Amino acid sequence: MASQDIIARSATTTPPPSIRQLEEVAKLIDTTKCIGCKACQVACSEWNELRDEVGHNHGTYDNPQDLSAESWTLMRFTEHENEAGNLEWLIRKDGCMHCAEPGCLKACPSPGAIIKHANGIVDFNQDHCIGCGYCITGCPFNIPRISQKDHKAYKCTLCSDRVAVGLEPACVKTCPTGAIVFGSKEDMKTHAAERIVDLKSRGFDQAGLYDPDGVGGTHVMYVLHHADQPSLYAGLPNQPVISPLVGLWKGVTKPLALLAMGAAVLAGFFHYVRVGPNRVEEDEHPSAPDTSVHQVDPAVHVYDPGKPGTPGEERP
Amino acid sequence: MKDKPILRYTANERTNHWIVAILFFMAGLSGLALFHPALFWLSHLFGGGPWTRILHPFMGVAMFVFFLGLVIRFWRYNFLTANDRQWLRGIDKVLRNEEEGLPPVGKYNAGQKLLFWTLLVCMLVLLVSGVVIWRAYFSHWFGIESIRLGALAHAVAGFVLVMSIIVHIYAGIWIKGSVGAMLHGWVSRAWARKHHALWYRQVTREEPTDSQKGIKP
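So the sequences go chain by chain: A and B. Under the UniProt record's numbering, the residues of the first sequence are numbered 1 to 316, in order. Under the UniProt record's numbering, the residues of the second sequence are numbered 1 to 217, in order.
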């Protein structure tokens, strides 16, 4: 994608290029169609040349157990017993949500290490990444991971390299049930609405779209059977927002603090200019002051009124 | 011997102070690089962003350790007294260089004492929060909310520390003779009398008098 298409850039306070208008894209993940085959995980590793370490079975279907710098997407399995006492197997493909207001980008201190493209993709530029992990601190979804090999942050790119040349992300391409679809955000919302009508007709009254407002909407959206309880899906946040602590940390407080530091330096300077230094009069010590006269102007005549009629001197 | 200067800081105390000062500048400048984008260029002083990220916590820990040395040396002179409260009430006079009418000051005035405790609190907060947000070694032991709180607390404590040190440095520039005290150790008797009268009386009492030294008057 051309650099003009970067519409937000980490640690940058000037406006980004904004001449071109690109259509926003979105990936729609329909949890109701997902069979948990993990083909998307494999496709992701294939396309992105990622080969995570083979881990251990932890007694769940989640494999690997968690996202990592080399596993950018992961099926999370939840066994949920509904009110009728029936088991529901809720499977959610976890990964970066590509928030419209990304917490990672807000928290990142390195200019250009995190960028947001005009089409909505949030991308990490590892070349500018300093490895501080602030993106993890800022993310409401617990997505970025720091590699222990190179200490850079990694996460799903939404296959920005594929999307840039008109292809769909690798996970979308491979999904055998059509649970993952990709297109313009508007189209994906329309598609989701159709799915939700279908789900409601089949008894899922609370079916709905997960496109949370708290982060300005996302460019990865879910169709959920239980949109009223997103947290059922392996802890998907019900109301994700950038933490108020992060807001306070990275908000208006920073420029104000910078201003205060500058003001303190200036205050010192002008105190010096107006009040001046505090010097010690070194001759104020109590020993007898040296009162002897070293130079006498011959024009000056000393007259002591206590001794009238000093010899040799005419009274005026 | 009335004009003999007084030793205010020993060589060890001076060395300890300046090690902390140098480490403060290193940790401070690298911290400011990550504090706000406008100061990210400071990271170039340390070899770029990643090196800044790598070095900053080590410099911070070193600063804390050496600062503890200063605490052990000076804490006992930094308890606030009734005189100090009166001195603080007259802080406007102090700022106008008209401190004559204020109560006499011991080794440290109330401002210096407050600075001491402020620095100590900042250093402790910076250490604890810094460990929590030290991603390479420690962050995996802490939950995300602790890390967020740590990042915020670290920034706040760093800000207060920088502000305090700006005041500290300016006080040194403003009060002539105090930088010398920390550079070569000596202050003049007049300086000690003017700024730290109680301390002056104390140290001059302890000095051997001429008769004790066997010098005939």
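Honestly, I wouldn't trust all of these hints.
Stated by the list, open to error - In silico SDA-like cross-links for lysine to any residue, where the CA-CA straight-line distance does not exceed 20 Å: (1) A:LYS173 - A:ASP187; (2) A:LYS254 - B:HIS36; (3) A:LYS173 - A:VAL273; (4) A:LYS254 - B:LEU42; (5) A:LYS173 - A:VAL265; (6) A:LYS152 - A:ALA164; (7) A:LYS152 - B:VAL125; (8) A:LYS254 - B:ALA38; (9) A:LYS152 - B:PHE74; (10) B:LYS4 - A:GLU281; (11) A:LYS152 - B:VAL128; (12) B:LYS93 - A:LYS149; (13) B:LYS107 - B:LEU45; (14) B:LYS176 - A:GLY268; (15) A:LYS149 - B:PRO50; (16) B:LYS93 - A:LYS33; (17) B:LYS107 - B:ILE54; (18) A:LYS254 - B:VAL125; (19) A:LYS254 - B:PHE74; (20) B:LYS93 - A:LYS173; (21) A:LYS152 - B:LYS4; (22) A:LYS254 - A:PRO244; (23) A:LYS149 - B:HIS184; (24) B:LYS176 - A:GLU46; (25) B:LYS176 - B:HIS17; (26) A:LYS149 - B:PHE74; (27) A:LYS38 - A:GLU70; (28) A:LYS38 - A:PRO17; (29) B:LYS107 - B:HIS36.
Rather than coming from a laboratory, the hints here were simulated on the basis of the structure. On a predicted model such as this, the values are computed, not experimentally measured, just so you know.
Here is how each hint holds up against the structure:
1. A:LYS173 - A:ASP187: Status holds; Cα separation ~17 Å.
2. A:LYS254 - B:HIS36: It holds: about 6 Å lies between the C-alpha atoms, which stays within 20 Å.
3. A:LYS173 - A:VAL273: Not satisfied, since the Cα-Cα distance of roughly 70 Å exceeds 20 Å.
4. A:LYS254 - B:LEU42: Distance ~16 Å between A:LYS254 and B:LEU42 Cα, so the pair holds.
5. A:LYS173 - A:VAL265: violated, 58 Å
6. A:LYS152 - A:ALA164: violated, 23 Å
7. A:LYS152 - B:VAL125: violated, 27 Å
8. A:LYS254 - B:ALA38: Within the cut-off at roughly 10 Å; holds.
9. A:LYS152 - B:PHE74: violated, 43 Å
10. B:LYS4 - A:GLU281: Holds, at about 16 Å.
11. A:LYS152 - B:VAL128: Answer violated: A:LYS152 to B:VAL128 is near 24 Å, above 20 Å.
12. B:LYS93 - A:LYS149: violated, 59 Å
13. B:LYS107 - B:LEU45: violated, 37 Å
14. B:LYS176 - A:GLY268: With Cα atoms ~14 Å apart, B:LYS176 and A:GLY268 stay inside 20 Å; holds.
15. A:LYS149 - B:PRO50: holds, 14 Å
16. B:LYS93 - A:LYS33: violated, 77 Å
17. B:LYS107 - B:ILE54: violated, 39 Å
18. A:LYS254 - B:VAL125: Distance ~18 Å between A:LYS254 and B:VAL125 Cα, so the pair holds.
19. A:LYS254 - B:PHE74: The hint is violated at about 33 Å.
20. B:LYS93 - A:LYS173: Distance ~76 Å between B:LYS93 and A:LYS173 Cα, so the pair is violated.
21. A:LYS152 - B:LYS4: Violated: A:LYS152 and B:LYS4 sit about 60 Å apart, past 20 Å.
22. A:LYS254 - A:PRO244: Satisfied, since the Cα-Cα distance of roughly 14 Å is no more than 20 Å.
23. A:LYS149 - B:HIS184: Not OK: A:LYS149 and B:HIS184 at ~48 Å, beyond 20 Å, violated.
24. B:LYS176 - A:GLU46: With Cα atoms ~69 Å apart, B:LYS176 and A:GLU46 exceed 20 Å; violated.
25. B:LYS176 - B:HIS17: holds, 18 Å
26. A:LYS149 - B:PHE74: At roughly 44 Å apart (the allowed maximum being 20 Å), B:PHE74 and A:LYS149 break the hint.
27. A:LYS38 - A:GLU70: Roughly 15 Å between the alpha carbons, so the hint for A:LYS38 and A:GLU70 holds.
28. A:LYS38 - A:PRO17: violated, 38 Å
29. B:LYS107 - B:HIS36: Judged against 20 Å, a Cα distance of about 38 Å means the pair is violated.
The structure fails hints 3, 5, 6, 7, 9, 11, 12, 13, 16, 17, 19, 20, 21, 23, 24, 26, 28 and 29 (numbered hints given earlier, in ascending order).
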